[in-house]
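Taken in order, these protein sequences are the chains called Y and G. Quick note on numbering: this note's numbering labels position 175 of the first sequence as 175, and the sequence is numbered without any gaps. Quick note on numbering: this note's numbering labels position 30 of the second sequence as 30, and the sequence is numbered without any gaps.
Derived by calculation from the structure, the hints in this document are not laboratory data. Yeah, the Cβ is synthetic: ideal placement off N, Cα and C, and Gly gets one too. Hints may contain errors.
Unchecked claim - If the Cβ cut is set under 10 Å, some of the chain Y residues that face chain G in the computed set are: (1) Ser59; (2) Leu88; (3) Ala98; (4) Leu99; (5) Ala291; (6) Arg317.
Protein chains: 2
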Amino acid sequence: MSEPTLDIVAIGNAIVDVIAQADDAFITAEGIAKGSMRLVDTETAKGLYARMAPGIEASGGSAANTAAGIAALGGKCGFIGQVAADQLGEVFAHDIRALGVHFATPARPSNPPTARCLILVTPDAQRTMNTFLGASQYLPASALDHDLIRSGAILYLEGYLWDPEEPREAMREAIAVARDAGRKIAFTLSDAFCIERHRGDFNALIDEGLIDILFANEAEIASLNRTSDFEAAVAATAAKVPLLVVTRSERGAIAVHHGIRYSVPAEPVAKVIDTTGAGDLFAAGFLAGQAQGRDVTASLTMGAIAAAEVISHYGARPETDLKALIAKRLG
Amino acid sequence: MSEPTLDIVAIGNAIVDVIAQADDAFITAEGIAKGSMRLVDTETAKGLYARMAPGIEASGGSAANTAAGIAALGGKCGFIGQVAADQLGEVFAHDIRALGVHFATPARPSNPPTARCLILVTPDAQRTMNTFLGASQYLPASALDHDLIRSGAILYLEGYLWDPEEPREAMREAIAVARDAGRKIAFTLSDAFCIERHRGDFNALIDEGLIDILFANEAEIASLNRTSDFEAAVAATAAKVPLLVVTRSERGAIAVHHGIRYSVPAEPVAKVIDTTGAGDLFAAGFLAGQAQGRDVTASLTMGAIAAAEVISHYGARPETDLKALIAKRLG
């Protein structure tokens with residue numbers, strides 16, 4: 001079996017974010033669950049866009065943000081995701097390639113267009129996401145580059161991919177390819193509502209021993225285990241995965257690695273502006289740390305630093321030199 | 001003659017900015033004059049985009065930024081500019097309309113695409129702009145809504161419109177329409193290199209008494225008068241326009257109104273991130289102050305506050321509540 005040449009190969013929805021400010025009254029009037037990710041169709045997206053404030057556009061997508069963060073930290077990454085042959089697809093491809101991430105999934109014809117996520121950021125810096133999946137939901141198994149998947153030490157997947165049918169099937173194939181090559185699988189649970197929709201599938205992946213590294217936040221680990229008892233939820237899932245990482249917002253993060261628990265506090269942030277991408281960048285920092293051979297605590301600290309950077313500005317990709325931030329703290 | 005119903009009608013290039021960080025070495029290697037605006041063709045734009053860092057996209061365009069700022073300050077505005085029927089055109093239209101600016105210029109077929117400006121922001125927060133004019137250079141005189149122009153108390157034009165031929169001709173018609181309706185004309189000199197290209201035309205407009213309010217920065221007023229003597233340049237131009245406003249970066253701004261000079265210091269900024277849009281937002285604050293019936297000094301202060309806000313983050317449109325900032329300072 002050949003040695004991997006990349007640290008991570010990530011598969012995820014290829015999305016351009018449209019980020020705008022909104023007040024709580026607007027979220028309520030639109031009938032959206034604040035803090036969640038909901039899928040919207042063309043008409044809903046069009047109507048919401050017409051009513052929302054002016055925005056800025058920035059490449060997004062959960063696993064894509066993680067790949068971007070790992071690359072910004074010096075890791076070697078590949079990304080697989082479906083864009084359309086349109087302007088936003090070009091933006092997505094440019095942004096991820098400009099970080100040195102290998103991205104070569106062919107664009108589909110321009111209808112439906114590249115996925116976009118209408119993100120409403122409230123004054124408390126919470127983000128509420130309205131995702132129009134567009135081209136992204138048509139990522140076919142045939143678009144998977146098996147050699148690329150085999151080239152990564154870790155295959156990283158986002159739970160959001162379970163929503164659309166084609167990517168869900170593609171994921172099962174990707175997992176099999178990675179497993180056959182002796183690679184590890186990392187998985188993020190993505191969103192509590194997403195877990196509601198796919199709890200059976202997610203638990204099956206875990207129970208079958210297919211997940212080596214699992215990322216979740218408090219709401220997600222609770223939803224997965226159908227309990228609001230944090231410790232019980234962590235214990236139940238930690239018994240089934242070799243490495244569990246749970247982010248806890250301002251309470252920091254913990255990891256349970258083969259039964260041993262580690263924890264770090266949250267990094268201080270002068271002003272939290274937009275929490276979009278916090279979990280994605282935490283995963284980036286953690287996985288980059290692991291790829292660099294750092295221990296669990298140092299990897300958690302790298303996650304906390306990367307997350308703190310991304311919530312200090314609008315947009316889910318780093319704006320400052322993450323490598324320099326880490327070097328300052330950890331050397 | 002009927003009374004105007006809008007404070008300002010602005011005409012300008014309809015541009016979406018692509019904003020990315022760059023170091024000085026990159027600017028030098030690309031052979032670009034740092035701090036300037038240069039026009040680039042499709043091939044140059046494509047090559048530069050492929051080499052530059054990941055970006056964020058945000059609506060821009062000089063006069064459009066000014067219209068956005070005036071609307072954010074509660075002014076009534078219209079905007080005329082040419083986009084293509086594509087995704088970036090939709091972004092531009094959404095962003096300006098979401099602020100309540102009347103914008104109804106019909107989109108052209110999608111080739112060439114909507115204008116974009118590749119903006120390189122160096123660590124000193126200076127911006128260097130590479131503009132691909134695309135659809136914007138084809139704004140025809142026939143797209144001018146004469147009733148809209150007549151409805152504005154002030155017609156606001158950007159010097160950049162003199163670069164492409166069709167908009168230049170359209171501007172002459174717009175000026176005639178506004179003059180016939182008894183409206184004032186405000187004009188911004190835009191860029192020292194742009195003045196190099198059109199000094200004769202700009203001076204002719206001024207000499208013919210067609211400009212009521214002229215905006216410039218130090219480099220532009222120097223270029224217009226072919227002198228590096230700031231006082232001499234101000235005196236020469238102030239003798240030919242009723243109201244001259246000159247911004248001086250960290251040295252604040254001055255105005256000369258019918259021979260009387262006013263000045264304000266720059267507003268303090270915690271950290272200057274990206275100076276894109278500083279002049280545009282200064283003009284917005286100043287014109288909004290004038291529309292509110294404030295005196296010249298208060299209008300200059302509004303300009304300084306709006307400019308300080310826009311340089312404290314990436315992007316050339318306000319991100320914070322400008323009205324609240326002004327109310328806190330001026331009541």
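Now for the hints, and whether the structure bears them out:
1. Ser59: Result: holds, 7 Å to nearest chain G Cβ.
2. Leu88: For Y/Leu88, the interface hint holds, since the closest Cβ of chain G sits about 5 Å away, which is under 10 Å.
3. Ala98: Given a least distance of 5 Å, the restraint on Y/Ala98 holds.
4. Leu99: Nearest chain G Cβ about 6 Å off; hint holds.
5. Ala291: 21 Å, violated
6. Arg317: 6 Å, holds
Hint compliance for this structure: hint 5 alone is broken.
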